[in-house]
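Quick note, the numbering used here runs 5 ahead of the 1-based positions in the sequence shown.
Honestly, I wouldn't trust all of these hints.
As the list claims (entries may be wrong) - Below, simulated BS3-like cross-link-like pairs (lysine-lysine); rule was C-alpha separation at most 30 Å, straight line:
{"#": "1", "residue 1": "Lys236", "residue 2": "Lys71"}
{"#": "2", "residue 1": "Lys35", "residue 2": "Lys249"}
{"#": "3", "residue 1": "Lys236", "residue 2": "Lys206"}
{"#": "4", "residue 1": "Lys236", "residue 2": "Lys175"}
{"#": "5", "residue 1": "Lys206", "residue 2": "Lys175"}
{"#": "6", "residue 1": "Lys43", "residue 2": "Lys71"}
{"#": "7", "residue 1": "Lys249", "residue 2": "Lys236"}
{"#": "8", "residue 1": "Lys201", "residue 2": "Lys71"}
{"#": "9", "residue 1": "Lys35", "residue 2": "Lys179"}
{"#": "10", "residue 1": "Lys35", "residue 2": "Lys71"}
{"#": "11", "residue 1": "Lys43", "residue 2": "Lys201"}
{"#": "12", "residue 1": "Lys175", "residue 2": "Lys35"}
{"#": "13", "residue 1": "Lys249", "residue 2": "Lys206"}
{"#": "14", "residue 1": "Lys175", "residue 2": "Lys249"}
{"#": "15", "residue 1": "Lys201", "residue 2": "Lys236"}
{"#": "16", "residue 1": "Lys179", "residue 2": "Lys43"}
{"#": "17", "residue 1": "Lys249", "residue 2": "Lys201"}
{"#": "18", "residue 1": "Lys175", "residue 2": "Lys71"}
{"#": "19", "residue 1": "Lys179", "residue 2": "Lys206"}
Keep in mind that the hints were calculated from the coordinates and are not lab data. All of these numbers come straight from a predicted model, not from anything done at the bench.
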Amino acid sequence: MFEDAQALLLPSLFVFATCILLEWIVSRAKGINLYEGKDVLCNLGIFVGGRLSQPLFVGYTFYCLKFLESVRPWELPNTLATTVVAVVLTDLAYYWEHRLSHTTRLLWFFHEVHHSSRSFNLTTSFRLHWLGRLVAPLIFAPLILLGFSANQVVLFLFANLIYQFFLHTKLVGKLGWLEGIVNTPSAHRVHHARNKIYLDKNFGGILMLWDRLFGTYQAEVEEPEFGVLGKFRSNNPFTVQFHKVPGYGALAGRMQQVVRFCKGS
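Construct all of the structure, not just a fragment, from the sequences and the given hints.
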């Protein structure tokens, strides 16, 4: 599994960097201000922190699911049919993880990081909480108990997240008949928006069919306004990650005072 994930990771990093550069060039050519320097640096800082913590939490998720493999009563054969079903059910499990991350206070503590930027570009996809996969084994455990392998579930979840990188853009308009069937940039702009009509909509990873089935689908009908509700705004990666931790604000304030004192001395 780790070899498969690594095989996807390195090429994906090259593709990510290329797409970000192209989005910046095209947006500049069109006179669209998609990239704000401090916001991008914050997103990249969070990305670096995430890469440092990712092996720990990928391993944590994988070995929790692997333990369930050892105690489940049966195992499904690894065929094309079961692989397709595993992809679909992993996406369904992701839908519920994502939906619960918006509707339960504990999980929103982690997921709010991803929605905290007022900008929306490909680097926004990097804005994830470093501890955000803590509950993943609980969400994806039913798939293991059904007979799918931990290798499949973790790999398909990873592929699901890679797919979603390409959805974080304002340069791609609506995609016709695909809207409402698969996740698109338009559908994901709705998900990230704080407009009242858009709140808690479009939770699907690859498929929008789950949102249609469970009543959470919303088409893009007005210009999205991005960011979380309230006045929070920061381009400090640590503040974005931990501002909801009690006492963090006071600690950050004291650290800023020390920095200003050192600069003035």
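Now for the hints, and whether the structure bears them out:
Taken as a hint, the Lys236 and Lys71 pair is broken in the structure, with Cα atoms around 42 Å apart against an allowance of 30 Å. Proximity of Lys35 to Lys249 is assessed by CA-CA distance (about 38 Å); at most 30 Å being required, the pair is judged violated. Restraint check for Lys236 and Lys206: satisfied, since their Cα atoms lie roughly 21 Å apart, inside the 30 Å limit. For the given pair, Lys236 sits about 23 Å from Lys175 by alpha-carbon distance, which is consistent with the 30 Å threshold.
Taking the CA atoms of Lys206 and Lys175, the gap is near 18 Å; set against the 30 Å cutoff, the hint holds. With a C-alpha separation of about 41 Å, the suggested pair Lys43 and Lys71 falls outside the 30 Å cut-off, and the hint is violated. For the hint linking Lys249 to Lys236, the alpha-carbon distance of about 13 Å falls within 30 Å, and the restraint holds. Taken as a hint, the Lys201 and Lys71 pair is broken in the structure, with Cα atoms around 41 Å apart against an allowance of 30 Å.
A distance of roughly 18 Å separates the Cα atoms of Lys35 and Lys179; the hinted pair therefore holds under the 30 Å criterion. Restraint check for Lys35 and Lys71: the C-alpha separation of about 49 Å exceeds 30 Å, so the hint is violated. Pair hint Lys43 plus Lys201 holds up; C-alpha atoms about 27 Å apart against a cutoff of 30 Å. As the CA atoms of Lys175 and Lys35 are separated by approximately 12 Å, the hinted pair is consistent with the 30 Å bound.
For the hint pairing Lys249 with Lys206, the CA-to-CA distance comes to about 23 Å; that is within 30 Å, so the pair holds. Distance restraint check for Lys175 and Lys249: the Cα-Cα separation of roughly 29 Å lies within the 30 Å cut-off, and the hinted pair is therefore satisfied. A hinted pair counts as satisfied when its Cα atoms are at most 30 Å apart, and Lys201 with Lys236 qualifies at roughly 16 Å. The suggested pairing of Lys179 with Lys43 holds, with an alpha-carbon distance near 29 Å, which does not exceed 30 Å.
Distance hint between Lys249 and Lys201 is fulfilled; the C-alpha atoms sit about 23 Å from each other, no more than 30 Å. A C-alpha spacing of about 39 Å is found between Lys175 and Lys71, which places the hinted pair above 30 Å, so the restraint is violated. Taking the CA atoms of Lys179 and Lys206, the gap is about 17 Å. The hint holds against a cut of 30 Å.
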